[in-house]
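Number of protein chains: 2
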Amino acid sequence: MMQASEQQLNEARAARAAYRAGEVRPTSGVAHGLVQANLISVPADWAYDVLLYSQRNPKPCPVLEVLDAGATESKLAPGSDLRVDIPRYRVWRDGELAEEVTDASEAWREHPDLVSFLIGCSFTFEAGLVDAGIPVRHADIGRNVPMYRTNRACNPASRLHGEMVVSMRPIAADRVADAVQVSGRYPAVHGAPVHVGDPAGLGIADIMAPEFGDAPEIRDGEVPVFWACGVTPQAAIMASKPPFALTHAPGYMFVTDVPDLAYMV
Amino acid sequence: MMQASEQQLNEARAARAAYRAGEVRPTSGVAHGLVQANLISVPADWAYDVLLYSQRNPKPCPVLEVLDAGATESKLAPGSDLRVDIPRYRVWRDGELAEEVTDASEAWREHPDLVSFLIGCSFTFEAGLVDAGIPVRHADIGRNVPMYRTNRACNPASRLHGEMVVSMRPIAADRVADAVQVSGRYPAVHGAPVHVGDPAGLGIADIMAPEFGDAPEIRDGEVPVFWACGVTPQAAIMASKPPFALTHAPGYMFVTDVPDLAYMV
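Respectively, the protein sequence lines represent chains G and C.
In terms of this note's numbering, the first sequence is numbered consecutively and its last residue is 265.
In terms of this note's numbering, the second sequence is numbered consecutively and its last residue is 265.
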C-alpha cells in the first residue's frame, strides 16, 4: 500500500486536531494529496440499506470503509475519532436536517450503535487535476465546491431511494478531456464525470444556485463538468426518511492519512 | 453503458439455455468479451456479513450485483434464472461442502429468502489478455484455471473470516508487465495481480497441486502470476461455517450479457 509522506501525515493530523479543538472551515485543499471522505452514520438496523445502496450506486457512493457498529476510529486515520474530527456535522431526524453541530458526541451518546460509512470524495481527484495543471476554480477563489440535486434517480436499495447529487467544476474546453482522463483513474472516488455541459440535462435549472456549497464562477470558454458526489447519501436521507442519521456537512470532510495514489488505477 | 453485440448476446443466451437444460462444462472462453460472475447466495440473515466482507476485501470479492432477497433474475442478464443457469453449483452446510448439483432449485425451495451476490471473475480480464496477445494457458489446453488457498488472511467482517484464494496464470517473463497493466484496467473484476512469482510467499507448497480447478502447465521462461479470486467467499464459508450457502462450482460461472468493457477504467 502506498504510504503518505511524513509532512502529509503531519498536515492531516494537525487538521483533525484543529477540527477536534473547534476549528470550522471547508477542507478543500487541506493535506494536499491525501484522501478526504464523506461520512454517513446510521443506526445498525439501517446499515445494510446504506451498504446495499452504495453497492448499487458506486459512482456517487464509493465506500472506502465501513466501521463496525459503535466504532469511531477509522482505519484510514489511526488515532482518529469520527465523533469530533470532522469540522461540521449534520444531524438528520426522519429525513429532516435537525441541526448542524461541530461535535457529534451527543448524537453518538443518543445512538451508541451507529455504523459509519466513509465514502470517497472528489477532493481526491482535485489534487490530480491540480497536478495536471487544470485549475480548480472553487479552491482558487476560496469557496466551497457547488453541488446540485439532479433529476437522475439512483438505483433504489431496500428502504433507500433518492436522486444523484453532483459536484460541478468549470473546466476550459481544451482541458475537459484531460479532466475526464485524470479523474477516471480514480474510480474509488467517483471516477470520471457523469455529465459534461448542458446543466438542463440533469434537471439543473440555475447553475448559479447550487443546493449545497457555494455559487460557481464560470468564465468564458469554460464548460460545466459534473461529477457524482458523496453528498448523494444525504439526498437519500431526505427522500427516504430514516429515523436518524449523522453526516458530515457538505464540503467539510473527514481528512484521512491515506494518499490519493492508493486509489489510483 | 456499453452494449454487447447481437452475436455476443446470442452466445451468452445459448450458453445459459444449455446449462439450464443440463449441459455441464467450465465456462472459460464462453461468450468471449462478456462478463462472467461468481455466485454466493446466503439466507437474508447473512447478507450484511457477505456484503461487508466483500467491501472490506474488494480485490477478491468485487461485487457486481446484489439481488433482493428471494430474487433469481440478474439485471446483468435479463431473463436469467440463477437457480438453473449456472452449469454446476455447490451446496454448503455448516461450512462443509454438502453436495454439488447442476440445478439449485431444491436449495431455493429450502431457503426461499436467499440473497444472491454476483462477484467479478478473472475470466473477464482473460479476454483482455488474449486481445493483448498474451496466451491464457489453461484455456488453450482446455483445462480449468488453477486456484489456490493462500496464507493471506482477508479482512474479517462481522461473522465472516477466511483466507484469500488466488487464481494463477503462467505468463512469459517479457509479458508479465503487460498482463499487470491489462488486468489493472479492470478493478471491478479483481484488477492487477496480488503476487508475481514466488508461490511460497503465498504459502503455496506445491504449485502443481491447486485446491480448486486443474493442475497448471508452466513452461520454461514463464512466471506464475497470481490474481485474487472470486472463490474467496467459499474459503470464508469453510472457515466461518454459516449454516447454509449456495455457490457456483469453481470455474463454472454465471455468464452475463454485460461486455467486459463496461468494467474497464
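Each hint should be verified, as a subset may be incorrect.
Identical copies go unnamed one by one, so any copy, or any two together, can satisfy a pair.
Unchecked claim - Straight-line C-alpha distance at most 25 Å; calculated DMTMM-like pairs for lysine to aspartate or glutamate:
1) Lys59 with Asp49
2) Lys75 with Asp113
3) Lys75 with Glu163
4) Lys75 with Asp94
5) Lys75 with Glu96
6) Lys75 with Glu110
7) Lys241 with Asp68
8) Lys59 with Glu99
9) Lys75 with Asp49
10) Lys59 with Asp103
11) Lys241 with Asp103
These are calculated hints, taken from the structure and not from any lab test.
Comparing the hints with the structure gives:
1. In this assembly of identical chains, the alpha carbons of Lys59 and Asp49 lie at most 25 Å apart whether taken from the same copy (17 Å) or from different copies (23 Å).
2. Taking the shortest Cα distances, Lys75 and Asp113 sit within 25 Å of each other inside one copy (18 Å), while across copies they are farther apart (34 Å).
3. Taking the closest pair of Cα atoms, Lys75 and Glu163 come within 25 Å of each other only across two copies (20 Å); inside a single copy the shortest separation is 30 Å, beyond that limit.
4. Taking the shortest Cα distances, Lys75 and Asp94 never come within 25 Å of each other, neither inside one copy (30 Å) nor across copies (31 Å).
5. Taking CA atoms no more than 25 Å apart as the test, Lys75 paired with Glu96 passes in neither setting, with 30 Å inside one copy and 33 Å between copies.
6. With identical chains, the CA atoms of Lys75 and Glu110 are at most 25 Å apart within one copy only, with a shortest distance of 24 Å there and 39 Å across copies.
7. For the identical chains of this complex, Lys241 and Asp68 are neighbours both inside a copy (23 Å) and across copies (21 Å), given an alpha-carbon limit of 25 Å.
8. With identical chains, the CA atoms of Lys59 and Glu99 are never at most 25 Å apart, being 28 Å at best within one copy and 39 Å at best between copies.
9. Taking the closest pair of Cα atoms, Lys75 and Asp49 come within 25 Å of each other both inside a single copy (22 Å) and across two copies (19 Å).
10. When the C-alpha separation of Lys59 and Asp103 is checked against a cutoff of 25 Å, the pair qualifies neither within a copy, at 29 Å, nor between copies, at 35 Å.
11. Only within a single protomer do Lys241 and Asp103 lie at most 25 Å apart by alpha-carbon distance; the minimum there is 23 Å, versus 41 Å between protomers.
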